[in-house]
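Between the sequences and the hints, there should be enough to build the whole structure, so can you do that?
Listed here are the chains, written in short residue letters.
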Amino acid sequence: MIKLYDYELSGNCYKLRLLMSILGVEYSTVPVDFYPGREHKAGWFLKLNPLGQLPVIDDDGLVLRDAQAILVYLAAKYDTAGTWYPRDNPELLGEITQWLAFADGITGTASAARLHDALFYDFDINAARAGAHRLFRILDEHLWFGERQGREWICSTSQPTIADIACFPYIMLSEEGGISRQDYPAIRRWCDRVKRLKGFIVMSGVFPAGPAKAA
Amino acid sequence: MAMTTRCSDSVVLNLWHPLGALAELPVDTVVDTVLLEERLSLAVGPDGTVAVWRSCAEFAAGDKIDAASVCNSLPAKVAYGYLWASLGCPPDELFPIPEYDETDRRRLNAATFGVNVSAPRAIENFLDMGHFPYVHTDILGVEPHTEVKEYDVDISVERDEILATRCRFFQPLASSASQTGAEVEYIYRVPHPYCSVLYKSSPVDGARYDVIAVFMQPLSQETVRAHMMLCILDEDNEDKVIKRFQQTIFGQDKPILENQFPKRLPLDPRAETPIRADKSAIAYRRWLNRKGVKYGVIPAPN
Chain A
1243 MIKLYDYELS GNCYKLRLLM SILGVEYSTV PVDFYPGREH KAGWFLKLNP
1293 LGQLPVIDDD GLVLRDAQAI LVYLAAKYDT AGTWYPRDNP ELLGEITQWL
1343 AFADGITGTA SAARLHDALF YDFDINAARA GAHRLFRILD EHLWFGERQG
1393 REWICSTSQP TIADIACFPY IMLSEEGGIS RQDYPAIRRW CDRVKRLKGF
1443 IVMSGVFPAG PAKAA
Chain B
48 MAMTTRCSDS VVLNLWHPLG ALAELPVDTV VDTVLLEERL SLAVGPDGTV
98 AVWRSCAEFA AGDKIDAASV CNSLPAKVAY GYLWASLGCP PDELFPIPEY
148 DETDRRRLNA ATFGVNVSAP RAIENFLDMG HFPYVHTDIL GVEPHTEVKE
198 YDVDISVERD EILATRCRFF QPLASSASQT GAEVEYIYRV PHPYCSVLYK
248 SSPVDGARYD VIAVFMQPLS QETVRAHMML CILDEDNEDK VIKRFQQTIF
298 GQDKPILENQ FPKRLPLDPR AETPIRADKS AIAYRRWLNR KGVKYGVIPA
348 PN
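Taken in sequence, the protein lines are chains A and B. Just so we're aligned, residue 1243 is where the first sequence starts under our numbering, counting upward by one. Just so we're aligned, residue 48 is where the second sequence starts under our numbering, counting upward by one.
If you are wondering where the hints come from, they were derived from the structure by calculation, not from laboratory data. Heads up, some of the hints might be wrong.
Claimed, not checked - Facing chain B, according to a computed beta carbon distance under 10 Å, are these residues of chain A, among others:
1) P1278
2) E1281
3) L1334
4) L1335
5) F1362
6) D1366
7) W1395
8) P1402
9) L1415
10) E1418
11) G1420
12) G1441
13) V1444
14) S1446
15) P1453
What the hints assert, rightly or not - Restricting the straight-line Cα-Cα distance to at most 16 Å, the calculated cross-link-like pairs of lysine to aspartate or glutamate (EDC-like) are:
16) B/K287 x A/D1321
17) B/K287 x A/D1275
18) B/K287 x A/E1250
To be verified - Chain B regions said to be covered by chain A (calculated; three or more residues, Cβ under 8 Å):
19) 151 to 159
20) 254 to 268
Fair warning: this is a prediction, and the values are worked out from it, not measured in the lab. Each residue gets a CB set at the ideal place from its N, CA and C atoms; glycine is no exception.
Here it is as structure tokens:
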């Protein structure tokens, strides 16, 4: 069974829990005391991931680090329908990978702002917030134009992909870093669509979608 | 040297305030923090000596320092695993938590989190049971068990603290040591305007209570560092599992706290409409008002 080295309040760990829940993949967790214990910098953990970062999975001896890389692996291996990471569609794979890199940018900005405010990380908070707003503006426009074309998800397909899962957590947690989503209506609608996916689960700080509006 | 303080509320200035968990502070090293908009520095010696002073250019964060050699130290003490300090003239003793001395308990700081909320709003939320099924779903509450049953609230004159007793709530997973859901009994104390101590029946010993306290360190009127002290009965779980449980709960409360409006707690009884379940919150607001607390609240008009 997959072992997930996990911290409850980490958005990057949550995106793996979320995809595994949606795919119905069983896993066990190994809690890592990221805060305040900094266990991700402890010797035993650095042997698993010399970068000292969560998450890490161990799937029957295959040890993988990096949230986005693990999403690729999980979807490619366990999504029997093949829609979350369509291995036979080069154009779509290119698009997905482009947005996985974008998700790393969200981690570097929106997540950094949250770490600054909640866990006292010594980051340039103004730069982190400005960087997050720049990315949110880009994604909001992309989603807004997509909606005009009848596209509900980040990539050009009728089904959600791991790009949606990769971008979702630190957007949803952005207010904990003082980054409001007020000005991004298309992002807010897209967040609600993610929350209505079958198998969706929450983490601390993320609430389930409200009841659907009556038709 | 500017000795003026940005907080002019003498009640709050004269309180003890928590600055950090001792177990997490490096020894003989300058650490910076903020209290009531004042930049403070602190140091802990290997023998438990502590010193807290207004930050100055002489000692920068990370510098090595002998805590015992610091002159012009502010009042500082160690209690319940935390370093406490005051910007005014604090009482000799901090409020008592006798259970902290029981040696079979696990005593730890679950976490210290920065939260964009006023200290009184955070304390008031801590007293509220009505949100359990909605915010802590499947842990501290679950529908349809949403009723907050009648409970008692007293203000102890002798100890100058609020006491809410006979609080009962059905909880699917009351603590890291729980096996099944159970009706859990709560006792809340508010012995300090920015601190609260919760007693909840222990899943491992029916005759005793787990003690969970929140100590708010006010950074400003609308931001805090929230310190969560655990003093609980649990022989099985690792520290990090116990911390994880409490951090999960707090992480669920955080967005609720940060979205309170107005951020400062209004003490005017007409400002917000309470329901019966808010009895302890009403007592808390009255108590703050009577004490003359101004910082972190919107004072009631005279």
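A quick look at each hint next to the structure:
1. P1278: 5 Å, holds
2. E1281: 7 Å, holds
3. L1334: 34 Å, violated
4. L1335: 34 Å, violated
5. F1362: Holds, because the Cβ-Cβ distance from A/F1362 to chain B comes to roughly 6 Å (cut-off 10 Å).
6. D1366: Status violated, d = 16 Å.
7. W1395: With a closest approach of 25 Å, the A/W1395 hint is violated.
8. P1402: Since the shortest Cβ distance to chain B is 24 Å, the answer is violated.
9. L1415: With a closest approach of 9 Å, the A/L1415 hint holds.
10. E1418: 6 Å, holds
11. G1420: A/G1420 check passes; min Cβ-Cβ to chain B is 7 Å, inside 10 Å.
12. G1441: 16 Å, violated
13. V1444: 8 Å, holds
14. S1446: 3 Å, holds
15. P1453: 13 Å, violated
16. B/K287 x A/D1321: 33 Å, violated
17. B/K287 x A/D1275: Since the Cα atoms of B/K287 and A/D1275 sit roughly 6 Å apart, the hinted pair holds (cutoff 16 Å).
18. B/K287 x A/E1250: 11 Å, holds
19. 151 to 159: holds (count 3)
20. 254 to 268: Since 0 is below three, the answer is violated.
Checked against the numbered hints above, the structure breaks hints 3, 4, 6, 7, 8, 12, 15, 16, 20 and satisfies the rest.
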